[in-house]
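Residue numbers (my numbering), protein chains in the order written: chain A, 44 to 303; chain B, 6 to 260.
Wrong hints could be hidden among the right ones.
Stated by the list, open to error - Derived EDC-like pairs (lysine to aspartate or glutamate); straight-line CA-CA distance at most 20 angstroms:
{"hint": "1", "chain 1": "B", "residue 1": "LYS175", "chain 2": "B", "residue 2": "GLU155"}
{"hint": "2", "chain 1": "A", "residue 1": "LYS187", "chain 2": "B", "residue 2": "ASP10"}
{"hint": "3", "chain 1": "A", "residue 1": "LYS187", "chain 2": "B", "residue 2": "ASP14"}
What the hints contain is simulated information worked out from the structure, not anything from laboratory work.
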Amino acid sequence: MRSRVLFARLAPLLACVGLLAVWQVAALTLNNDSFPTALDSIRAIPSILGDKEALINILASLRRMAIGFGTAVLVSIPLGLLMGRSRSVASFFNPLLMVIYPVPKAALMPIIMLWLGVGDLSKTLVIFLGVSLPVIYHSFEGAKAVEEKMLWSGAAMGLSAVERLVRIVLPAALPEILTGCRTGLVLALITMITSEMIARQSGAGNILFNALDMGQYDTVFAMIIIIGGMGIFLDAAFERMRERLVRWSEPQFDIPLSFS
Amino acid sequence: MNGRDATRDVLLGLIPIALLLAIWQGTVSLGLAPPTLLPPPGLVFMRMAQLLATASFNQEILATLFRLFAGFSIAVVLGIAIGLAAAVSPAINAAVRPVVRVLAPLPKVALYPALLLLLGFGHESKITLVAADALFPILLSTYYGASTVEQKLIWSAMAAGTPPREILFKVILPGAAPSILTGCRIGLVISCIVVFLAEMITSTDGLGHVLITAARTFQAVDMFVPLITISLLGLILNGLLQAVRSYLLRGFPEV
Chain A
44 MRSRVLFARL APLLACVGLL AVWQVAALTL NNDSFPTALD SIRAIPSILG
94 DKEALINILA SLRRMAIGFG TAVLVSIPLG LLMGRSRSVA SFFNPLLMVI
144 YPVPKAALMP IIMLWLGVGD LSKTLVIFLG VSLPVIYHSF EGAKAVEEKM
194 LWSGAAMGLS AVERLVRIVL PAALPEILTG CRTGLVLALI TMITSEMIAR
244 QSGAGNILFN ALDMGQYDTV FAMIIIIGGM GIFLDAAFER MRERLVRWSE
294 PQFDIPLSFS
Chain B
6 MNGRDATRDV LLGLIPIALL LAIWQGTVSL GLAPPTLLPP PGLVFMRMAQ
56 LLATASFNQE ILATLFRLFA GFSIAVVLGI AIGLAAAVSP AINAAVRPVV
106 RVLAPLPKVA LYPALLLLLG FGHESKITLV AADALFPILL STYYGASTVE
156 QKLIWSAMAA GTPPREILFK VILPGAAPSI LTGCRIGLVI SCIVVFLAEM
206 ITSTDGLGHV LITAARTFQA VDMFVPLITI SLLGLILNGL LQAVRSYLLR
256 GFPEV
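When you get a sec, could you build the whole thing from the sequences and use the hints?
Rendered as structure tokens:
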């Protein structure tokens with residue numbers, strides 16, 4: 044039994060090693076200048092992380108991502124919960140959200156850049172837009188599925204509408220909300236990279252695409268590993284937190300289910 | 006819901022869109038924003054109608070649509086196949102699960118430079134990126150749908166002497182269909198977004214390329230047109246998928 048638990052813990056790590064091994068073999072067989080081996084790319088990582096400027100760039104990216112993600116979550120959860128509990132609010136916002144949904148948020152970057160410049164503000168705004176939609180959607184679905192009887196009991200015990208929203212709807216919808224946040228987290232990372240790729244000024248995306256333009260292929264692949272590692276790490280950390288917060292709910296799949 | 010409520014909902018939903026257009030028009034008319042930065046909506050829609058009538062703009066739309074469909078179809082086929090296999094076979098599950106756990110949260114756009122270097126600047130790299138991004142929602146929802154099919158249905162089929170292969174296609178696949186289609190819907194929206202982004206990064210045609218060219222020459226009007234076009238395309242494709250869904254799920258209770 045213990046060895047099985049151990050295996051389950053190690054399985055993602057093994058998968059990482061396996062993928063890197065496949066990469067190594069593929070690179071060796073292709074023997075292409077623009078496709079360095081996995082080992083070469085990993086060797087290039089310390090020089091990037093050791094470079095002060097690159098490190099500042101990456102940290103600046105993460106800061107923008109954290110601010111964008113944080114504000115998006117703070118705005119989207121109340122809005123989604125309200126939409127889930129009130130039909131008027133839902134039908135007010137739904138069509139607008141449906142129109143905005145298929146627009147790639149990072150594609151708004153050139154226009155937002157015209158208005159707000161290339162600085163932190165436009166990039167954070169784009170991340171905010173990218174994160175808010177899935178969080179709104181999942182909060183909406185979660186709030187819609189709350190058992191009516193619990194709300195009636197709450198009302199019978201004299202809770203006001205706001206109190207009911209905070210003390211009944213929010214906890215009941217929490218598992219679904221956190222699923223949305225998890226999707227939002229991955230999207231935040233994606234939008235962060237693309238926004239920096241379009242506004243080449245600072246950040247991890249900037250390093251990645253500049254290296255591509257300058258033909259520094261080992262830097263390109265090392266940055267891919269760094270960014271991928273960030274994604275995997277953030278996702279795993281979030282999953283830990285989620286498990287603690289909603290331990291009472293039914294056990295869910297340990298792999299992210301929705302990536303809307 | 007009765008008819009009157011539905012009309013009210015639709016009207017209520019039109020308010021924010023109308024409001025948005027009004028604010029847009031108002032900002033321009035009041036001179037708060039110069040038209041070079043924010044062109045009036047009328048101008049944008051007229052330009053769009055004008056462009057839609059030209060062959061070259063339609064060519065761009067077709068290029069985008071081709072990449073979108075190619076990538077999306079690959080993702081659908083692979084996603085459903087792997088998802089089903091992982092749900093029915095514990096051995097495949099043990100192999101697929103950790104790999105998916107690692108690859109799913111990876112920001113695929115970051116892989117795009119690698120794809121460019123490996124597959125070149127043509128269709129292939131973009132299609133691969135679209136497929137890679139759309140794959141995971143479809144795979145995961147197929148897996149989820151197939152592993153939550155009612156066990157009793159499978160037992161009854163076995164008791165009736167159905168061979169395992171037929172159980173897969175006649176019981177599990179239809180049982181998982183609602184979940185699979187939800188995954189496809191998510192995958193479709195993602196495909197729309199990703200194909201556009203890939204074309205913005207490097208391309209010689211497609212809607213994303215139209216946007217980037219306009220941005221480089223500061224043609225604000227032309228920047229809005231591809232954005233509105235991709236939004237409309239997304240809505241139309243979503244509607245088509247909805248129609249497919251209600252046809253495929255005609256025997257199911259409301260989901």
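Each hint, compared with the structure:
For the hint pairing B:LYS175 with B:GLU155, the CA-to-CA distance comes to about 13 angstroms; that is within 20 angstroms, so the pair holds. For a cut-off of 20 angstroms, the pair hint linking A:LYS187 to B:ASP10 stands: about 18 angstroms separates their Cα positions. Between the alpha carbons of A:LYS187 and B:ASP14 the distance comes to roughly 17 angstroms, so the proposed pair stays at or under 20 angstroms and holds.
Checked against the numbered hints listed earlier, the structure breaks none of them; every hint is satisfied.
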